[in-house]
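Here the structure of chain A is known, so what remains is to put chains B, C and D with the ligands in place on it, guided by the hints.
The chain contents come next:
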Amino acid sequence: MAVTFVQFMDWLRLTDEHVIEARSELTELDSAIGDGDHGINLSRGCAASSGKVDSEKPEYLDDMFTLVGMTLVSSVGGASGPLYGTFFLRFATSAGHRQELTPVQLASALEAGLAGVVQRGKPELGDKTMYDAMQPAVLAFRNAIKTGDVAEAALLASRAAAAGRDATADLVARKGRASYLGERSVGHIDPGAASTALLFQSLAEALA
Amino acid sequence: MAVTFVQFMDWLRLTDEHVIEARSELTELDSAIGDGDHGINLSRGCAASSGKVDSEKPEYLDDMFTLVGMTLVSSVGGASGPLYGTFFLRFATSAGHRQELTPVQLASALEAGLAGVVQRGKPELGDKTMYDAMQPAVLAFRNAIKTGDVAEAALLASRAAAAGRDATADLVARKGRASYLGERSVGHIDPGAASTALLFQSLAEALA
Amino acid sequence: MKKLINSPDDVLTESLLGLAAAHPELRVDHANRIVYRGETKPHGTVALLSGGGSGHEPLHAGFVGFGMLDAAVCGEVFTSPAPDQLIEATRRIDNGAGVLHVIKNYTGDVMNFEMAAELLGGTEVDTVVIADDIAVEDSTFTAGRRGTGLTVFVEKIAGAAAEQGRELTEVAGLARRVCASGRSMGMALTSSTLPASGRPTFDLPDAEMEIGVGIHGEPGRRRVPLASAREIARMLVEPILADHEFGGSPAIVMLNGMGATPLIELYLMFGEVRGLLEKAGVSVARSLVGNYVTSLDMAGCSVTVLAADDEMLGLWDAPVSTPSLRWGI
Amino acid sequence: MKKLINSPDDVLTESLLGLAAAHPELRVDHANRIVYRGETKPHGTVALLSGGGSGHEPLHAGFVGFGMLDAAVCGEVFTSPAPDQLIEATRRIDNGAGVLHVIKNYTGDVMNFEMAAELLGGTEVDTVVIADDIAVEDSTFTAGRRGTGLTVFVEKIAGAAAEQGRELTEVAGLARRVCASGRSMGMALTSSTLPASGRPTFDLPDAEMEIGVGIHGEPGRRRVPLASAREIARMLVEPILADHEFGGSPAIVMLNGMGATPLIELYLMFGEVRGLLEKAGVSVARSLVGNYVTSLDMAGCSVTVLAADDEMLGLWDAPVSTPSLRWGI
Ligand SMILES: Nc1ncnc2c1ncn2[C@@H]1O[C@H](COP(=O)(O)OP(=O)(O)O)[C@@H](O)[C@H]1O
Ligand SMILES: Nc1ncnc2c1ncn2[C@@H]1O[C@H](COP(=O)(O)OP(=O)(O)O)[C@@H](O)[C@H]1O
Ligand SMILES: [Mg+2]
Ligand SMILES: [Mg+2]
Ligand SMILES: [Mg+2]
Ligand SMILES: [Mg+2]
Numbered sequence: 000m001a002v003t004f005v006q007f008m009d010w011l012r013l014t015d016e017h018v019i020e021a022r023s024e025l026t027e028l029d030s031a032i033g034d035g036d037h038g039i040n041l042s043r044g045c046a047a048s049s050g051k052v053d054s055e056k057p058e059y060l061d062d063m064f065t066l067v068g069m070t071l072v073s074s075v076g077g078a079s080g081p082l083y084g085t086f087f088l089r090f091a092t093s094a095g096h097r098q099e100l101t102p103v104q105l106a107s108a109l110e111a112g113l114a115g116v117v118q119r120g121k122p123e124l125g126d127k128t129m130y131d132a133m134q135p136a137v138l139a140f141r142n143a144i145k146t147g148d149v150a151e152a153a154l155l156a157s158r159a160a161a162a163g164r165d166a167t168a169d170l171v172a173r174k175g176r177a178s179y180l181g182e183r184s185v186g187h188i189d190p191g192a193a194s195t196a197l198l199f200q201s202l203a204e205a206l207a
Numbered sequence: 000m001a002v003t004f005v006q007f008m009d010w011l012r013l014t015d016e017h018v019i020e021a022r023s024e025l026t027e028l029d030s031a032i033g034d035g036d037h038g039i040n041l042s043r044g045c046a047a048s049s050g051k052v053d054s055e056k057p058e059y060l061d062d063m064f065t066l067v068g069m070t071l072v073s074s075v076g077g078a079s080g081p082l083y084g085t086f087f088l089r090f091a092t093s094a095g096h097r098q099e100l101t102p103v104q105l106a107s108a109l110e111a112g113l114a115g116v117v118q119r120g121k122p123e124l125g126d127k128t129m130y131d132a133m134q135p136a137v138l139a140f141r142n143a144i145k146t147g148d149v150a151e152a153a154l155l156a157s158r159a160a161a162a163g164r165d166a167t168a169d170l171v172a173r174k175g176r177a178s179y180l181g182e183r184s185v186g187h188i189d190p191g192a193a194s195t196a197l198l199f200q201s202l203a204e205a206l207a
Numbered sequence: 000m001k002k003l004i005n006s007p008d009d010v011l012t013e014s015l016l017g018l019a020a021a022h023p024e025l026r027v028d029h030a031n032r033i034v035y036r037g038e039t040k041p042h043g044t045v046a047l048l049s050g051g052g053s054g055h056e057p058l059h060a061g062f063v064g065f066g067m068l069d070a071a072v073c074g075e076v077f078t079s080p081a082p083d084q085l086i087e088a089t090r091r092i093d094n095g096a097g098v099l100h101v102i103k104n105y106t107g108d109v110m111n112f113e114m115a116a117e118l119l120g121g122t123e124v125d126t127v128v129i130a131d132d133i134a135v136e137d138s139t140f141t142a143g144r145r146g147t148g149l150t151v152f153v154e155k156i157a158g159a160a161a162e163q164g165r166e167l168t169e170v171a172g173l174a175r176r177v178c179a180s181g182r183s184m185g186m187a188l189t190s191s192t193l194p195a196s197g198r199p200t201f202d203l204p205d206a207e208m209e210i211g212v213g214i215h216g217e218p219g220r221r222r223v224p225l226a227s228a229r230e231i232a233r234m235l236v237e238p239i240l241a242d243h244e245f246g247g248s249p250a251i252v253m254l255n256g257m258g259a260t261p262l263i264e265l266y267l268m269f270g271e272v273r274g275l276l277e278k279a280g281v282s283v284a285r286s287l288v289g290n291y292v293t294s295l296d297m298a299g300c301s302v303t304v305l306a307a308d309d310e311m312l313g314l315w316d317a318p319v320s321t322p323s324l325r326w327g328i
Numbered sequence: 000m001k002k003l004i005n006s007p008d009d010v011l012t013e014s015l016l017g018l019a020a021a022h023p024e025l026r027v028d029h030a031n032r033i034v035y036r037g038e039t040k041p042h043g044t045v046a047l048l049s050g051g052g053s054g055h056e057p058l059h060a061g062f063v064g065f066g067m068l069d070a071a072v073c074g075e076v077f078t079s080p081a082p083d084q085l086i087e088a089t090r091r092i093d094n095g096a097g098v099l100h101v102i103k104n105y106t107g108d109v110m111n112f113e114m115a116a117e118l119l120g121g122t123e124v125d126t127v128v129i130a131d132d133i134a135v136e137d138s139t140f141t142a143g144r145r146g147t148g149l150t151v152f153v154e155k156i157a158g159a160a161a162e163q164g165r166e167l168t169e170v171a172g173l174a175r176r177v178c179a180s181g182r183s184m185g186m187a188l189t190s191s192t193l194p195a196s197g198r199p200t201f202d203l204p205d206a207e208m209e210i211g212v213g214i215h216g217e218p219g220r221r222r223v224p225l226a227s228a229r230e231i232a233r234m235l236v237e238p239i240l241a242d243h244e245f246g247g248s249p250a251i252v253m254l255n256g257m258g259a260t261p262l263i264e265l266y267l268m269f270g271e272v273r274g275l276l277e278k279a280g281v282s283v284a285r286s287l288v289g290n291y292v293t294s295l296d297m298a299g300c301s302v303t304v305l306a307a308d309d310e311m312l313g314l315w316d317a318p319v320s321t322p323s324l325r326w327g328i
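Residue numbers (numbering that gives the first Met the number 0), protein chains in the order written: chain A, 0 to 207; chain B, 0 to 207; chain C, 0 to 328; chain D, 0 to 328.
For the record, the hints were derived by calculation from the structure and aren't laboratory data.
Glycine included, each C-beta is placed from N, C-alpha and C at the ideal position.
Check each hint, because a few of them may be wrong.
Interface residues of chain C toward chain D, partial, derived using beta-carbon atoms under 10 Å [unchecked claim]:
| # | residue |
| --- | --- |
| 1 | 61 |
| 2 | 118 |
| 3 | 271 |
| 4 | 297 |
Residues from chain D that keep clear of chain C, each with C-beta distances beyond 10 Å, as calculated [to be verified]:
| # | residue |
| --- | --- |
| 5 | 1 |
| 6 | 30 |
| 7 | 124 |
| 8 | 166 |
| 9 | 246 |
| 10 | 260 |
The following block holds chain A by itself, in its conformation from the complex:
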């Protein structure tokens, strides 16, 4: 069962909604171990990106996600802008000029996005970044579609992202601004991991 264009639109819309709901929560997380703007940055980016999609009405997945990626890169700024931007740009390239994706194609697109984040930020597991939520989520999705359906896979990916997010609390940050705090970063969830969990929660809801 393929994932439709409408479902991908839903994914973006839901992400948008969840990020805006979580704006101050994300900012609070970032205040504790960063510079307190993650929620502000992402809501600005989501608003810009939905605006673009609404007005340009792309009809293919590569066009839509390129638009999203470009808009995020140019409107979010900070660290998360290039990272999420690159994620969607690579996702777009992998998705190709299609209107729907098979579960396997979706898994590959997510992996391409993940690889973009790695290339851009050089995060490793345990660095206490968005990668600690994103990597397990993408892996979980790939594994789950081997046996289960796509809705189930997205749900498992979402759970993996949430678990990865929660696990960042115990880590000493080695990348991003939180790394400046050294040991003092322990005990706080990474804001980027929290927003990545929202991204996968939205995917699960869109495909449910």
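Here is chains B, C and D with the ligands on its own, set in the frame of chain A:
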């Protein structure tokens, strides 16, 4: 009965003590309608002036009060420095090269000091300044020595200064920093009137 | 109280040590708290002296140097310097052509400069008293208006005139013309805290601000609810325009920070103020945005507008080289 | 939140309007938030671009002008600018001799400049990444040290070299040498407040301060009880001296205010810092005291020390004319 050199020394010492005790109270009054430094300024000046008197050990009233006046002028700064400084400089000139003063001579010396304040600051009664405490005090002293003794006169002067001080609360300031507040100065006692009341309270205690 | 100091009593002394170290081109007489130029002017040129309470940095010491002041005398924080300091400074900078005393109109400053002038024998002294702060009602029965932001303009323009070799009466007359055609108005978001007292001079609730404050932590004329930059600009500019006829002549405008307000906000405010002025037909020919006449750690700003004639504009543009104002040299 | 703003979303846009009005010698591309020189350099001279989050004013826009930057790109408050802004700015200032990107070492800044450089065809770009803040442990496994105060030194010295007509590799090499021999350390008495969040980024009790803070309201390495200026100077200077060998060469030293600390305190701190440096055998050849690299309304300061060789000193002294650094011209 003449006022002795020791009594004048007591006057200065008591003024010193009372000003230092009232340092934060005076500063608080000045915070309400001025710039919050009157207590700080005067304690600095009193400390400097007693230091000078202690080290130079003047033996005549003119020398002592000139020293006090000069030291206040050069260590208090602000508005009250030149005003109190001029008060004591004129007081010294009027007191002359003596070691004690008759009540009438003291009254004249106080009047000379008061005239110095008038010349320097051009205050009028009701302007809400130190003059509103000083003028009635000096007047009360002059009137009282006509009939009573000098201790009694100093006590009446002290009461007149206190009454003058209290009456400043109802006035709209027309001189000094409090004048910048216009109507908002009403309800607050003038800090300079409060320190003048201490000066006359100290005189009453020294002559008691 | 959160301040980078050692002891409240030593703030001024130690700050002057730092100033002397940071500006080898200046000299500091630490005993008398006089900051003066390392290189003196040619004999026969008028010298400019200013001074007042400390806590308004860079005023005045930051404006000592070529094209502005010859010396600044520093009083304790918010407290006028004493006559003996002023006398010493005046004698030190006199080049035989007389000294202009640039005085901000505060009772203490006026009286201390007055006593100094009375006691100064042998030096020709003229005096200009700056009273530009329109928050205060003017009247001959009161202390009159405060001297605030316009001081920078007077020191710059009269300083440039002195540098050109003009005579004392001429320099003083020019300074008085600047005083006559400049106006200021300020506001505060927070009170300042005197090192010696350790507490804010006035309490200002989170949702309120003071309009018409001076630069000594004294409360303003009125307390109003917090407002947008646009409305605040209006509250400052409208009374200035109402108090003086600026129409026609080009203006020199300063958007001054009170000490704790970041530059990003000062530029934003300048944009608002300039918009209002231009709309009222006042064309802004020159401008300054930054912390020039401060009130310790007060957050807030003030606006100064000077209706400048060609002579003033020329002298404004003349080279100046001081720690806090420098161009053309 | 007490700020002179209209709406948190418009702070940067409106501040740039004010900047443009205050500095007619500069130009502002409001759509891309690029501040650039009105008068461009001769063809064939290297251009310097810097940029980063806003809220650090005067950095970077206040350093655009003769002898320093050719353009500054402004991100949102504390947020790196985006690649398209950087690309536009780079193209605009390229004089045919290439552009040096002056980058403060923050993940966001580095990635955005990197994306811009990847996408820029036809323009030669070299890059210097400033990482002078020793409060952060250095390591190849982490984001590394932050770029803070030394940025002013890099922009000044490399800017002067570019003005002399030197080639891109030479200018970049010089900039890297400055990076290698300069160190900074900062502290905060209060947190800053982002306009968009409205609340202090971190809570700092009345009796405590943060040592080793950056310039983004991020907490520091440790929180300690309030201390005297003398002790604070020691907490900043000692780690700097421990981190780099300064002995022998003359130093350029900056005592930088974080935004809300009055100049009287900064001069006092400079006196303390200079005393410690001289005692350690580091002779202070040049100095800057004031607000140069700020963190909105944070109270506090930072110290930057550069072991300068003769070439750097010469370029430091070279004429510069920007809104916030100006001499010799
Ligand atoms: N090198 C990196 N690799 C992956 N993710 C990173 C890296 N650096 C930072 N991040 C992520 O970016 C998030 C911060 O984003 P944001 O607050 O928007 O940007 P900034 O740190 O520039 O203010 C962090 O919480 C972290 O998850
Ligand atoms: N023109 C004046 N005549 C008489 N007294 C004055 C005058 N101006 C101010 N004062 C007195 O000086 C007091 C303030 O002194 P102080 O706080 O030490 O100086 P400053 O106002 O310069 O800070 C006022 O409370 C008032 O009593
Ligand atoms: Mg952040
Ligand atoms: Mg006072
Ligand atoms: Mg005072
Ligand atoms: Mg940020």
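Each hint, compared with the structure:
| no. | hint | verdict |
| --- | --- | --- |
| 1 | 61 | 7 Å, holds |
| 2 | 118 | 29 Å, violated |
| 3 | 271 | 7 Å, holds |
| 4 | 297 | 9 Å, holds |
| 5 | 1 | 4 Å, violated |
| 6 | 30 | 17 Å, holds |
| 7 | 124 | 28 Å, holds |
| 8 | 166 | 31 Å, holds |
| 9 | 246 | 20 Å, holds |
| 10 | 260 | 6 Å, violated |
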